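**Student:** Sequence:
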Amino acid sequence: MVMDMSNQIPEDVIEDIRKSNDIVDVIGEYVQLKKQGRNYFGLCPFHGEKTPSFSVTQEKQIFHCFGCGKGGNVVSFIMEIESFSFFEAIKHLADRSGVSLPETAVQRDSTLSQESQSMLSAYDWLTKLYHHLLRYTKDGKDGYRYFRDRGITDETIDTFQLGFAPNIKDFTATFLEKKGFHQQLLIKSGILTLKDDDSVSDRFRGRVIYPIRNHLGKTVAFGGRTITDQGPKYLNSSESELFHKGRILYNFDLAKKHIRKTNEVILFEGQMDVISSYQAGINNVVATMGTALTESQAKLLRRYVDKVIICYDADHAGIEATYKAATLLQSVGCQVKIARMNNGMDPDEFIRENGADSFRTEVIETSDTFLTFYMNYLKKDYNLSLEGDRIQYIEMVIKELAKIDSPIEREYYVKELSNEYGLMMDTLLEQVHTYREKSSSPKDKSTKERYTKKVQNQYQKRKLLPAYHNAERKLLAYMLQDRTITDKVQEELGASFNIDEHKIIATHLYAYYEEGLPVDVSLFVERLTDEKLKHLVIELAMLPVYEEISDAEINDYIRIIRSQSSEVASIKQLKDEQRLAEQQQDPIKAAQIAMQIIELKKQVKN
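Take the sequence shown: its position 48, counting from 1, is numbered 48 in full-length UniProt numbering, and each next residue is one higher.
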């Protein structure tokens, strides 16, 4: 893969880029990593899991998932997670670390369609144009006044690149056509609207503009809000290859680093809530795109944080949306808290009226646990002055209580129920216990096992392999981290490994070291083109091996591999002799040879 790029980007530049992007930092921008021993673990971003089995090793600069088997170095991680080509991944990492690419490096391939690349370019031009109009021209003064009236500073307007689309029918169409964009594409992307008389009009005319950025900070859509009485109040761009409302979270690109630092995220419903909060110095904030939270968005948040604080409006619709979002976030493994928004205010209004400190101390820091919220949420469905309703209500609360793993937390709520409804603590606890017994199954217990156990299980399975197979795996693992061991193996064993993949890896490794290249698994896999081999090398490099190993142990591995090799060769020779005896019509000799083959096979097996 590196080879066909070499005429564009020299290998030493690729190596500089790889070395200046520490794999733990890069992957840490996509996955919450926790140190466990010498490695880092997190939830795999490539397959759904609730127990971390995704491992990153800093010293070797590689990653491997023990669940789905994916593995590689920092470049292959970016290619996989972003669906980038090799060039795009290198360009992304170069930009990230400030390494400049040579001018000869021209991008020949892109994973985005030509149409999407044009759309990105159009959105980029318009973001700058609408922002400039809002900040510096007469045409944008209505939009500027709207934001200033809502307490938004110039600095915040610049941070979020807020803009205004002037109320002129063909303003945007003319501007983009002069830049060479086709009208058809602009209609398809929802930047322009096709009227019944076949004329076109700016979809967002007369609206303030909220650029919607993807996680890499590129504008992929607009949100437009009316500042007059024209309807609808809010308008988004059409969905496209670039923009899926259910996958993007507003402000995720800016909030990412703050989310990682605090290990919690505040989830809003509106873009203005995010902007006001960010301006007030509360930066770990994102919002949905005017739709209910989706499973895709919930899983994205889970990869980054343990705790999500939901801060939706306090009206009926907001409370219903809070309940749905909370249950979804809990189902993907998040700890959920619900901010208290009283007086029918939305977060933006609260911050404007009471300030950032009050918002932090009175709303965010006093957030309710899910159960406290749920108990209040349920009350609307029951008339608690009636005994029948009261019993049903308590049953529902106990069912939810039974899902809590912490005995202290369970007892706290049982005590609340006991005090409020005059029921015996023991009776309530017994009922909770009954529900817990019913809901727990062997499967539930198995999912709670720690990832370290999961990793051990992987190695236990490997131990079931024949001795020579394990010996080859271990020997290759040592060869990947020690050149002198590789030299010894090359001299004594050469390519006489019994497993074909192991032969190929060993041969590649000999050639790699002969080029005078350093002991570096991350660089070694970069030079392999076969994906299957790459993953096997990563898996072998992740095997638990001693830092130092004696010659005697290495000799032992070589002896086991050689002996298997010679026994397999002997069986092959005996089979040839058996065929010859059968051809010469000598059944007794053929039978004797068959017995020898059976005996040898037994030895090989043992």
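A hint or two may mislead.
Taking CB as the label site, the calculated pair distances span [claimed, not checked]:
#, residue 1, residue 2, range
1, T366, H132, 39 to 47 Å
2, K503, Q330, 44 to 52 Å
3, D253, D149, 34 to 42 Å
4, S238, N419, 32 to 40 Å
5, S110, S201, 43 to 51 Å
6, E547, T366, 18 to 26 Å
7, G333, Y234, 53 to 61 Å
8, K324, K178, 54 to 62 Å
Straight-line C-alpha distance at most 20 Å; calculated EDC-like pairs for lysine to aspartate or glutamate [as the list claims (entries may be wrong)]:
#, residue 1, residue 2
9, K307, E241
10, K299, E514
11, K415, D426
12, K403, E387
13, K70, D22
14, K261, E365
Source of the hints: derived by calculation from the structure; they are not laboratory data. In this text, all values refer to a predicted model and were calculated from it rather than measured experimentally. Beta carbons: idealized from backbone N, C-alpha and C, even for Gly.
**Student:** Which numbered conditions among the earlier hints are violated in the structure presented, ordered from lowest to highest?
**Tutor:** Per hint list: 3, 4, 5, 6, 7, 8, 9, 10 and 12 violated.
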